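Q: Same order as they appear, the protein sequences are chains A and B.
Under our numbering, read the first sequence as residues 1 to 372, first letter to last.
Under our numbering, read the second sequence as residues 1 to 372, first letter to last.
Read the hints as simulated data drawn from the structure, not as lab findings.
Any given hint might turn out to be false.
[Claimed, not checked] Listed below are the simulated PhoX-like cross-link pairs for lysine-lysine, each with C-alpha atoms no more than 25 Å apart in a straight line:
#1 B:K218 - B:K294
#2 B:K118 - B:K367
#3 B:K83 - B:K118
#4 A:K344 - B:K83
#5 B:K83 - A:K337
#6 B:K212 - B:K224
Values in this document were obtained by computation on a predicted structure and should not be read as measured data.
Protein chains: 2
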Amino acid sequence: MELAPDDVEWVTCDSPVNIALIKYWGKRDEKLILPLNSSVSVTLNQEEVWEQSMKNARLQSVISQIKRLCRKRKIDGDQPNEKLQWKLHICSENNFPTAAGLASSAAGYACLVYALSKLYGVEGDISKIARLGSGSACRSIHGGFVIWNKGDAEDGEDSSTEQIAPETHWPELRVLILVVSDQTKHTASTVGMQTSVETSDLLHQRLQGVPKRIERIKKAILRKDFHSFAEITMKDSNQLHAVCLDTYPPISYLTDTSHHIMQLVHAINQDNSSNMVAYSFDAGPNAFLFMQEKDVPTVLDILHYFYPSSDPHFIRGIHVPGKHDTHVDYTAFSDIKVIPRALKFIIHTKPGPGPSVQESDNGLLTKDGLPK
Amino acid sequence: MELAPDDVEWVTCDSPVNIALIKYWGKRDEKLILPLNSSVSVTLNQEEVWEQSMKNARLQSVISQIKRLCRKRKIDGDQPNEKLQWKLHICSENNFPTAAGLASSAAGYACLVYALSKLYGVEGDISKIARLGSGSACRSIHGGFVIWNKGDAEDGEDSSTEQIAPETHWPELRVLILVVSDQTKHTASTVGMQTSVETSDLLHQRLQGVPKRIERIKKAILRKDFHSFAEITMKDSNQLHAVCLDTYPPISYLTDTSHHIMQLVHAINQDNSSNMVAYSFDAGPNAFLFMQEKDVPTVLDILHYFYPSSDPHFIRGIHVPGKHDTHVDYTAFSDIKVIPRALKFIIHTKPGPGPSVQESDNGLLTKDGLPK
């Protein structure tokens with residue numbers, strides 16, 4: 001989205017959220033947003049856009065990096081351009097329910113950086129620029145299964161992202177996002193991870209174990225080994241939240257409802273003698289449940305049973321036809337309480353592609369550069 | 001309590017509960033109940049007795065160890081006795097609210113072992129026998145501040161307890177036990193710690209850090225340095241629960257109410273610019289709050305404010321006179337929600353002595369050996 005007195009150029013993009021399987025928690029450089037550990041994520045098939053004041057330091061940093069690349073191209077002998085003089089009008093919109101508390105800044109910065117790269121005609125590894133906006137935004141630049149290698153260089157040049165496999169690699173994988181009803185006020189993850197680095201003894205042990213865990217989940221993804229994928233994902237989520245609790249003062253993102261979901265997932269898996277579902281929690285109480293397409297009806301039935309809701313739009317996203325007839329035997333879950341209205345709603349999605357350019361008809365700005 | 005056809009002997013004892021400041025979590029020997037790390041506790045001024053089936057393996061183990069010591073005395077040249085032929089009648093009573101979910105097996109086994117040692121006339125380190133009943137029972141054999149050194153020997157001979165300071169050393173120290181309303185079903189700590197040893201990577205890091213932490217809390221206790229005492233106590237509680245969360249499947253003892261109490265305690269301490277209160281949580285959601293006598297009225301006022309209750313017996317134990325006039329400025333706590341009826345009640349107590357023999361009039365058995 002772009003405006004100049006006699007010449008208006010604009011670009012409209014969308015960008016996905018991503019959910020980390022091996023979590024990013026702790027920076028080795030606050031300014032360059034370099035992580036203490038590598039992380040692995042899956043990009044979700046959901047669009048999201050975002051808004052923020054132009055005065056934000058990270059936003060400025062992202063724009064100046066794009067301009068730097070643009071300037072570099074010019075020097076390299078490409079056509080001279082006036083782009084560096086342009087005034088920018090940026091408009092963003094979030095079509096992902098904000099209540100989901102998802103990594104919205106990640107999708108937002110990925111979208112912005114992608115849009116700016118198209119507008120300024122710059123190429124190269126834009127994930128490094130996205131990272132300057134929000135660490136995990138660099139993972140949203142790719143679709144499918146993504147690794148963010150932490151790198152060792154002081155300037156962060158080797159802190160880069162790479163696709164492990166595209167979203168088409170494991171088409172059976174599904175994600176249910178369980179948006180819990182009691183959204184509590186959280187410690188911002190930026191502040192939270194800083195405090196963890198300063199105070200948590202256990203974080204050091206975690207950092208030692210991450211490389212092995214990453215190797216294992218890469219293998220599980222490439223082999224489509226759901227049982228291992230689930231176990232590693234759940235263990236990593238639990239370990240992240242353990243480190244949060246070991247932080248001083250402690251940070252707590254999981255609520256009673258989150259713990260109830262965890263308990264239910266383990267009960268489902270135990271009853272199934274193999275992992276049918278995996279949970280992962282970010283810096284909030286909402287659960288991301290992973291499963292295979294064939295198990296979605298069973299899991300949805302169980303969720304309906306334990307978290308009854310009268311909302312006709314309780315399940316959103318990918319449609320699952322009809323009333324299921326999954327014959328779940330609830331005697332295996334006799335320890336677990338039914339909690340009406342524990343969940344606000346559920347979003348049904350799957351791994352998806354990276355950012356893309358949209359048809360200009362869908363733009364958010366008028367040709368005068370003002371929000372529609 | 002003891003019965004023989006023509007000869008009845010009995011002894012009635014009481015024994016205190018203890019709360020760990022540096023927690024015991026994980027055994028290096030399941031049968032001998034030898035811990036992976038040393039722990040530090042404070043014995044509370046509360047009595048408790050307990051009941052259990054005689055068939056219990058640990059109970060049998062405790063009785064046979066007492067008899068072994070008795071036999072040894074006899075061989076050593078003491079008067080021969082018929083005690084080894086005695087039939088035992090044991091009766092126990094718990095005057096500590098079971099809802100408090102306290103380490104009741106610890107107090108119960110400490111009491112039993114102490115009573116048996118009096119009855120059989122055996123001497124020596126009975127804390128090692130108490131340990132065979134329930135690990136942390138060995139700490140209830142002493143009053144005041146107690147350390148349980150983990151020991152290294154395979155047979156556990158060097159796994160012993162020792163008093164750091166008697167309860168009279170720090171007479172200003174007070175304990176509030178916050179019994180929360182929603183008592184959830186917990187993983188038994190025996191099973192829980194076993195699973196942690198098998199599955200938690202973070203437990204290893206914890207074990208490496210405990211010796212230093214123990215040195216620091218011993219110093220804080222000896223110097224009556226409440227600020228440090230509070231910080232170490234809270235960090236250790238948080239770390240134990242972090243390890244529980246890192247266990248697979250995860251173990252969760254803390255509820256939303258527990259986390260709310262933690263948040264409130266940190267807010268109080270921050271507002272006070274120095275630690276006024278410390279929390280510690282065992283294998284359940286109830287909080288043990290430590291503070292100095294002078295701060296009890298302020299802390300009680302704040303607890304009344306955030307956890308309003310209409311129960312006339314809301315505060316139990318040591319009496320705090322009248323309506324306090326502590327002038328707490330609640331604007332410092334504007335982030336924290338008021339939760340009516342979050343707490344069932346509060347027990348106000350302080351560090352206390354070890355087990356003692358009671359007047360026989362207070363016995364629980366008739367002279368026929370039956371419960372009164």
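Q: Indicate, hint by hint, whether the structure satisfies it.
A: Structure-based check of all given hints:
Annotation: proposed proximity of B:K218 to B:K294 holds, straight-line Cα distance about 23 Å (limit 25 Å). Annotation: proposed proximity of B:K118 to B:K367 holds, straight-line Cα distance about 18 Å (limit 25 Å). Taking the CA atoms of B:K83 and B:K118, the gap is about 12 Å. The hint holds against a cut of 25 Å. The straight-line distance between the Cα atoms of A:K344 and B:K83 is roughly 67 Å, outside the 25 Å bound, and the hint therefore fails.
A threshold of 25 Å between alpha carbons decides the hint, and for B:K83 with A:K337 the separation of about 51 Å lies outside it, so the pair is violated. In summary, the hint linking B:K212 to B:K224 is supported, as the alpha carbons are separated by about 18 Å, within the 25 Å threshold.
Hints 4 and 5, counting from the list given before, are not met by this structure.
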